[in-house]
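> Given the sequences, and given the hints that come with them, work out the whole structure.
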Amino acid sequence: MTIRNLPLGAFLVRGLAFALLWWVLADGRTDAWGLGAVGAVAAAAASLRLLPPVRRRIGIAALVRFLAFFLWNSLRGGLQVAVMALRRRPGLRPAILEISLALPPGAPRLLLVNAITLMPGSLGARLSDDGRLRVHVLDARLPVAAELRALEVHIARLFGVARGGAS
Amino acid sequence: MIPLLKRAAVILAAASFAGALVFAMLDLPAPGVHLPAAVEANMAASGVAHPVTAVLLNFRGYDTLLEVGVLLLALLGVLAVGARATPPAPAPGEPVKRMFARLAAPLMVLVAVYLLWAGAIQPGGAFQAGAVLGAAAVLLHLTGILPGWGAPGLRLRAGLAAGFLIFLVVAGALLAQGAVLAYPPAQAGRLILLIEAGLTVSLGLILAGLFLALSRDSGDEA
Amino acid sequence: MTDPIAWLILLPLFWATAAFLLGPGRGARLAIAALLAQCGLALQLAADVIDGGARTHAVGGWGAPLGIDLAVGGLSALMLVLTQAIALPLAVYARAYFADGAPAVRYFWTLTGFLLAGLNALFLAADLFNLYVTLELVGLAAVGLVAAGGSARQVAAALRYLFAALVGSVMYLLGVALIYGAHGTVSLQTLAPLVDARAPAAVWIACGLMLAGLMLKTAIFPFHYWLPPAHGGAPAPVSALLSALVVKASFYLILRLSLEVFAPLAATAATALGLLGAAAIAWGSWQALRTVHIKMLVAWSTVAQLGYLFLVFPLLAPDGLALQAGVMQAIAHGLAKAAMFAAVGVLMLATGRDTLEGLAGVAGRMPLTLFAFGLAGVTLMGLPPSGGFLAKWLLIEAALTHGQWGWVAVVIAGGLLAAAYVFRVLRQAFLLAPADSPFHPVPRSMEWTAFVLATASMLLGLQGVELMSLLAAGS
Amino acid sequence: MTGLELSVALFLLANLVAALIAAERGPTAADRMLTALLFGSTGVGVLVLLAAAMRLPSLVDVALTLALLAAIAGIAFARRAWRGISGD
Amino acid sequence: MIEFASAALLFIGAFFYFAGTVGLLRFPDIYTRLHALAKADNLGLGFVLAGLALRAETLAAALKLLLIWPLALAASAAVTYAIAQRAETLGIAPWRGEEEP
Amino acid sequence: MSGGMIFAGAGAVLFTMGLVGVVLIGPLLRRILAFNVMGSGAFLVLVGLAQRDGGADPVPQAMVLTGIVVAVASTALALALARRLHRLTGRTTLSATDDD
Amino acid sequence: MALNEALILAILASSLVPGLIIFVLAESRIRLRTTLNLFGAVAKLILVGVLLAGVSAGEIYGFRHTVLPGLDLVVKADALALLFATLSAVLWLFTTLYAIGYLEGSPHRSRFFGFFSLCVTATMGIAMAGNLFTFFVFYELLTLATYPLVVHRGTPQAMRGGTVYLAYTLGGGALLLTGIVWLHGLTGSVDFAHGGYLSALGPDYGGQLQFVFLLLIAGVGVKAALVPLHGWLPQAMVAPAPVSALLHAVAVVKAGAFGVERIVYEVYGVEFAQSLDLLTPLAAVAAVTIVWGSFRALFQNDLKKRLAYSTVSQVSYIVLGTALFGPVGTVGGLVHLVHQGIMKITLFFCAGNYAETLGVHKVSELDGAGRRMPLTTLAFSIAALGMMGAPLTAGAVSKAWLLDGAAEAGMHWAGWVLWTSSVLNAAYFLPILWRAWARPAPAVWPEERVPARGRIETLWLLLLPPLATAIMTIAAAVFADSAWSPLAWARLIAAREYSGAMP
Ligand code: NA
Ligand code: NA
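Residue numbers (the working numbering), protein chains in the order written: chain A, 22 to 188; chain D, 22 to 243; chain G, 120 to 594; chain U, 62 to 149; chain Z, 51 to 151; chain L, 5 to 104; chain E, 4 to 506.
Accuracy of the hints is not assured; some may be wrong.
Footprint (simulated), chain L over chain D, 3 or more residues, beta carbon under 8 Å [what the hints assert, rightly or not]:
hint, region
1, 31-40
2, 54-62
3, 78-85
4, 91-102
Computed list of chain G residues with no C-beta within reach of chain E, every gap over 10 Å [claimed, not checked]:
hint, residue
5, Gly159
6, Asp170
7, His559
8, Pro562
These are computed hints drawn from the structure, not numbers from a lab. Positions of the beta carbon are idealized from the N, C-alpha and C atoms, including for glycine.
This is the structure:
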């Protein structure tokens, strides 16, 4: 990474975030600020190199709503698996569905793939470049597809993007 | 029949060896030399706060110097087995895993620096830090962001050797003080940190290199 | 500042690293220059030991048992001189050998630098755990050198070698663990007065484990299986380094530990070690007589010659004859085997073949190299006036002095067997060459280095006094 | 009250062992890859519990490192080990 | 009160871990087992971390514990996806039995 | 029997198991694993025996850290060689004879 | 370094240094090689002359180098040493001349002359060795240096001969080494001494010393070709003629015989050896060898093989003389060391001439050779007659002393052995002379390589050496009583070994 094309704003923001993380890691100790600064700068530099900053506005409210939605569904997902595992008859009816994503490529789609894995009944198994996602479901009778659409809406709102032509 | 007999004989012999060993260990009197006391007594002059780190980088720092050499040697061996002049093309990427790598790697850099710092006060230090750094590189390679290695170029070689070389230069320079690696107590902490910082980078590269060079034979990139 | 003890370890580490930085295949001239300096340092150290006796260097300034000491005495000074003296001509040889930039040279200089640093560090170590690290340094460098060609045969040989080396080290390490548990220290100097014949069982087991591990690394019969493919399959300069020096390192360690620390325990295993030595002589020679590959013949000869080293143990006595014999054999064999592999490398390059059959006619075409091979062979046979002869003389004298007749027969028979396999080669070389056999020119410097090494192994037989006075100094 | 953390840790350890055995014996090679996931979740849990039980804060660092490294192991497994030289 | 909440969270965490293990043992194929691990175990870890964070001595220590969870989640999601994708690529078909064998 | 002794005893057993493995197991990958088991056994004995009286001893702990790095290095080299052999010959074991 | 030390080292160097230089000479540098060879040979001869004068004037020449604590490499020039050294130096000059002619145009001459010079160096070292250790060093060096000469031609037959040669000589060396180290353990490093040095050990060691004697004699007996250790000698005849001439008439077999003398006279001491009952068995072995060698020679059609068996027999004359207790027998043995060398080298030169000039290798092919090659055949005849003990030849002188020695020692059976041998000698030599002189020449020789050039039957360089040594065969007898004859020198030596009681 050369200094010339270093986006200063993003660098400062990320550096600050990493410095905060350092503070957490170092158990709040302040005698390590020297090395901490080195670490934060190095991490920020690496992060800028790996994830060049993209203009994107993430609203606080949307984030909170998304997190709530996600946590709640994680809990549901966990409970569902637990129930299936502990029931005398798990009642599985697995299948692999293929759905086309309405989200634009990049971070939104990737977040979706990761999130569905942690949500009830579904597991991302393959994301193609053209936006088709193969999803493994525990029980084909459950409305997984509908929940996916809900998730899509949350993510679209989070990133402030429009959902493209959903099928 | 014969292999079976051989098996049985080996296992029987091993079992009796293990038994004898355990009994012999139970039978040991208390040792005549007590090094923890000596370590304790010299902690103040060691330049670090954690006794294991003190032993590792000061009292028995010479072992560690050679040990870094061993690690570098292993990489040399791996490179020598099948040196390929041109680096293989990066593996085809996969966006989901790639995204994870892009997020995790900077965090791992931070954690590595943290572990390096933590070495002075708790178990940890250059080796763990280097391992995390190396793991970050491996992750980037696995997800197709970092290409595999052919023959490392000059900059990479410098990075690989830097930690060892710094260690070596410090060892040689301190010979002027009377002995290899005889740190003056006042400078010990700083010198050890310098060595550890160098080692972190180099060990990270070496460990990553071990993996990346290994992956040349996996047939994945072909 | 100029303590040769420290520089003998740091200098090769420096140039090994520098060679790595310079890039694949580079660093030959640097290595040769540094090796010249190392020769000077080793000689300086030997002179110091003769004048001032044994001494130590406290690494880190702490001193044993908290810190690590380096120690030099007569025996280690001798081994250091030998190592540098063999490495320097072999470096000159290797520079010519690898002039064509074969793949094996890419990391040759770096690996060799580490190997030599490891050897020097091993000879100077005075701490059981530090010895473990140096053993690994030597072992991994050696395996890397064996593997460097990258052919399937070499890789398999390297793997076999690596397993032997690793299992050997880890056995040694368990021994160290038990010793630390028993005595709370790994410093040889601190341990020496603590170990006696009434040692607890764990110390006996430790002694046995360390001995077994080191024997595995020394490739003494029946642990020899890994040596012939490794030494026989590597490029000639590598084979020379391995056979001349690397196996000696673990032998040196057995000898030193059994003299300095475990003397009360080692005596019980002495006869068994001698018998293994005898078996090694018989088996190694027999295989050398059977093989059709010239390099394998030389490698099997190493197996046999290592047997002589182990004949020393049952004859160790205060009169020092057997110790002198062992050291003389180690030095003479080191020089001779380096010369022999160097010569064989030349012959193989020249004839383009690796079998004995391919040697027909080389007596006429490469007399100097064949002469070098012959001189080295004379040392292996133990014929005068070589160093091998003095070793054999001392061994026989030690055996006769202690009335242990059987070893005389072993030594004599071993010499005759060596003659049989050495003359297999010479005989073939004197045969008339087939008219159409191809012949490639080989740099003269390679022929001359082989010759110089062989001559050194010969002249050694005339300079035993100096060596023995160095051996006696500080021990 | 470190007893609770220790007993939960031991319980998780038992879970881990049982799951590891199941994963290793699984019918497909993919089952063996679950090992990495197991260490990533259960292993980290055990470590943080032990850190609290034994008052060893450094174990939290180990847990954090493990969480990161286990992911790499899993991805590496998935990419390579499936048809590695173990002969599967 | 905090003590009690913390203990409860630990128990809940242990329960999810247990359920995950049972799922791993009982579920019929690699995909279904992945579900068990990806959901139950991660939830278990979350509860355990939360329980321990409640009794942490400093804020930084508590945050450090809580930091582990997103890390573990991200890692777990990535690995789960990697394994599932690999299984898919290799043509391992999902289990289709109506009932457990 | 102290905690240290339990570690040491377990180490002795592990070492022996690993040794048996190295001797009896053919496939290289598992043999490398067996060697690592041996090494772990030795490390356990080193640390366990030294603190059999309860007190921690930083010296063997440091030695074990050194030993682990050495073991990692050796393992990496062994794996590289095994893979190379597999790539070149398709074999996953060393042949029984000396001439490879 | 004192002058006397330098002189004795110069004797060794006079062949070693030219030899080493010749090794690295290109094949084509004929003139330089010849110059070096002749320079070395002449220089050595001059140096030996200087030493002879010095020793008879009572000068002591010696050089000592400590190899290991308590182990010395000692070279010294005493009377016995010079007897052998003179013989070797003289014959080396002639053989060198002969070899230059013989090998003209053949390949690998640098290698040949290099090893040839090494052989002479080793022989000189054996002659001048001052203790058993030094003796052994040069003794084994001789083995190694001769092997390349034996296999020089590179034919399978040569290889076989070389292998047999090595097996015998290295085996013998091993026995010798064991005996020498054993003695070294008993006495420490002791130099050869007139009258021996082992008697100081006392009677307790009798058994050991008898056994060691067996080891030592077996060791040197291989080179001396004592029956049953003689098997290598006829096989080694595959070597080129100069090699057979110098090495198997002079250097190698003489080294063995000379070793017997050193061991008996200067290690054990002849009186101590007699007291240990060692001499009679030794004489018996010598007697068996003498008769067996002569007997086998009868049946050899290959000329060189016949000469080789003759050597087996004749060399044991020396051993027999040594074993005859009393100074007269000693003189006989010592003087035969020289006389047999002169005569046998003549015979080998001549055999080489027949082979090289006419391609004649077999006795049966010699018909009429006397007309075609009169000078060669004349030299051959003189030497053969000498071997039989005919009057006015060197052989007559040594045989007379040996017979007297047998009588003096009271071992009359030894006299009969010598007579039997003479008869057998006549039986295998006279037919050759008869064929050569009396039978008509064949129309075509097997392979006539050198055409007669006027009156000269072959190359000058091939002809001069046998003529010279033939003349010496007669001179040694005619001038036997002069002060510088081999006989006079042998009497001087015997006088020292028997503390002055000389007839
Ligand atoms: Na070795
Ligand atoms: Na041998």
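> Are the hints correct? Go through all of them and say.
Hint by hint, here is what the structure shows:
1. 31-40: Check passed, 6 qualifying residues.
2. 54-62: holds (count 3)
3. 78-85: That given contact holds, which follows from 4 residues of the region 78-85 of chain D lying within Cβ reach (below 8 Å) of chain L.
4. 91-102: holds (count 8)
5. Gly159: At roughly 26 Å from the nearest Cβ of chain E, Gly159(G) sits farther out than 10 Å, so the non-interface label holds.
6. Asp170: 19 Å, holds
7. His559: At about 19 Å from chain E, His559(G) clears the 10 Å cut-off, so the statement holds.
8. Pro562: 16 Å, holds
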